[in-house]
Amino acid sequence: MKDPLLPHLVEMQSWQQESELVFTFQVAPPEEYGSFRAGQFNMLYLPGMGESAISISGDPADRNHLTHTVRAVGNVTRALHGLRPPARIGLRGPFGRGWPLAAAEGRELLLMAGGIGLAPLRPVLFQALAAPERYQRVTLLLGARSPEEILYSEQLLRWKSDAGLQFLATVDVASAAWRGDVGVITDLVQRAAINPQQTVAMVCGPEIMLRFCARRLRELGVASDAIHVSLERHMQCGTGFCGHCQLGPYFLCKDGPVFAYPAVEPYLMTQEF
Amino acid sequence: MRTVGDELRAHPFFAGLSEDCMQLIAGCGEHVVFRSGATIASEGSAANEFYVIERGRVALQLHTSATGALLIQTLDAGDILGWSWLFPPFRWSIEARAMQDVHAIRLDGKCLRGKCDTDPAMGYALMQRFSYIMSQRVEATRLQVLDVYGRANRS
Chain W
11 MKDPLLPHLV
21 EMQSWQQESE
31 LVFTFQVAPP
41 EEYGSFRAGQ
51 FNMLYLPGMG
61 ESAISISGDP
71 ADRNHLTHTV
81 RAVGNVTRAL
91 HGLRPPARIG
101 LRGPFGRGWP
111 LAAAEGRELL
121 LMAGGIGLAP
131 LRPVLFQALA
141 APERYQRVTL
151 LLGARSPEEI
161 LYSEQLLRWK
171 SDAGLQFLAT
181 VDVASAAWRG
191 DVGVITDLVQ
201 RAAINPQQTV
211 AMVCGPEIML
221 RFCARRLREL
231 GVASDAIHVS
241 LERHMQCGTG
251 FCGHCQLGPY
261 FLCKDGPVFA
271 YPAVEPYLMT
281 QEF
Chain C
113 MRTVGDELRA
123 HPFFAGLSED
133 CMQLIAGCGE
143 HVVFRSGATI
153 ASEGSAANEF
163 YVIERGRVAL
173 QLHTSATGAL
183 LIQTLDAGDI
193 LGWSWLFPPF
203 RWSIEARAMQ
213 DVHAIRLDGK
223 CLRGKCDTDP
233 AMGYALMQRF
243 SYIMSQRVEA
253 TRLQVLDVYG
263 RANRS
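Heads up: the protein sequence lines correspond to chains W and C, in order.
First residue of the first sequence? That's 11 in the numbering used here, and the numbers climb one at a time after it.
First residue of the second sequence? That's 113 in the numbering used here, and the numbers climb one at a time after it.
One or more hints might be untrue.
[Unchecked claim] Some, not all, of what chain C presents toward chain W, calculated at C-beta under 10 angstroms:
1. 150
2. 248
3. 256
[As the list claims (entries may be wrong)] If we take Cβ atoms under 8 angstroms as the criterion, some of the chain W residues that face chain C in the derived model are:
4. 155
5. 184
6. 185
7. 191
8. 201
9. 218
10. 219
[Stated by the list, open to error] Some chain W residues flagged as far from chain C (calculated, every beta-carbon gap over 10 angstroms):
11. 21
12. 69
13. 107
14. 183
No lab work stands behind these hints: they were computed from the structure.
Since the model is a prediction, treat every value here as computed from it, not as a measurement.
For glycine and all other residues, C-beta sits at the position ideal for the given N, C-alpha and C.
The following block holds chain W by itself, in its conformation from the complex:
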């Protein structure tokens, strides 16, 4: 977009509840939007409320819709939760560096997502499963709070049965009726069929989960620089001017949100950051 600080009014096209607090909606992209890369985000603006950085969760090949999956936890996101088509909202973007899909070509692509961290990884799945011949294997390991909070479950099961996705999910807690895994996402790494030396991992979720996942992947033999994580801080301008999202030498909105893990590891272990 010509002026990255100027929001464009866009119209909500669809709205869908995913779980108690999480919902997905689509808007029509502004004319000059172009395309986005998997892992990038938009700034969504509600007049009188403010802006919020929201990952793009749809298919990068779809030029007619921009999809966002949102957890209603703040003023802006709670207000978004109450909107329905054809509501109009402001949008700036896309911002940030996306997932390094090219680095995974010819290798195994391992995605690890926790909770709503699946949203920024879903565009990777759209792209990778549209061209599976580019990867030795595509695997998604998913952690969620409960079975009811697993996002996109029908689509993931379709991808598993029809598109060759190796998909394992685990939840923190469940009733006795649940037949799936209960435990932490790091346990799934050992259950999945992966070749660590050939693996490029992309991990998104709560920061503590990123650290534990990176540690487990390294223990298994995945190269440190083949582990990529998506981080979150308070993004405001989206262009690296305001400094709100600074982490050590990086501005997450511009230099991230996706980083090779070794680049950000020291800052994730520093309490002041």
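With chain W fixed as given, assemble chain C onto it according to the hints.
Positioned in the frame of chain W, the structure of chain C alone reads:
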């Protein structure tokens, strides 16, 4: 057909143990099958064994009056079930139930305790391995208790 000893020697949990140790351990083991839904261990019951799960899924669950049975963790092929046999009062601290038909090797904890008492090197080697599993479970429990997915992470 592979013997209990063959199965145990191929399992990473027992990697590095001497052949003498393996023969002692295998001598305390037997193949068992639990049909889906069967209770493998009840909370509070005597813990005189542990299991090496070969096939199937096991639910570890606690019962509360408010929630009924609450599924805390699942164990799958390759996992080790049970460490209460190592520590007094030798009682299971959780219920274990077969979610599918479960094939496992049951190891007689009473028999092993006796052997560990007379062979401290073997006792230490086993304790190291169980301590690692316990440390992994503590770490997992920390993450679960933190309720990390319930917080306001991305989006």
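Each hint tested on the structure:
| no. | hint | in the structure |
| --- | --- | --- |
| 1 | 150 | violated (14 angstroms) |
| 2 | 248 | holds (8 angstroms) |
| 3 | 256 | holds (5 angstroms) |
| 4 | 155 | holds (4 angstroms) |
| 5 | 184 | holds (4 angstroms) |
| 6 | 185 | holds (7 angstroms) |
| 7 | 191 | holds (5 angstroms) |
| 8 | 201 | holds (6 angstroms) |
| 9 | 218 | holds (6 angstroms) |
| 10 | 219 | holds (6 angstroms) |
| 11 | 21 | holds (20 angstroms) |
| 12 | 69 | holds (17 angstroms) |
| 13 | 107 | holds (15 angstroms) |
| 14 | 183 | violated (7 angstroms) |
Hints 1, 14, counting from the list given before, are not met by this structure.
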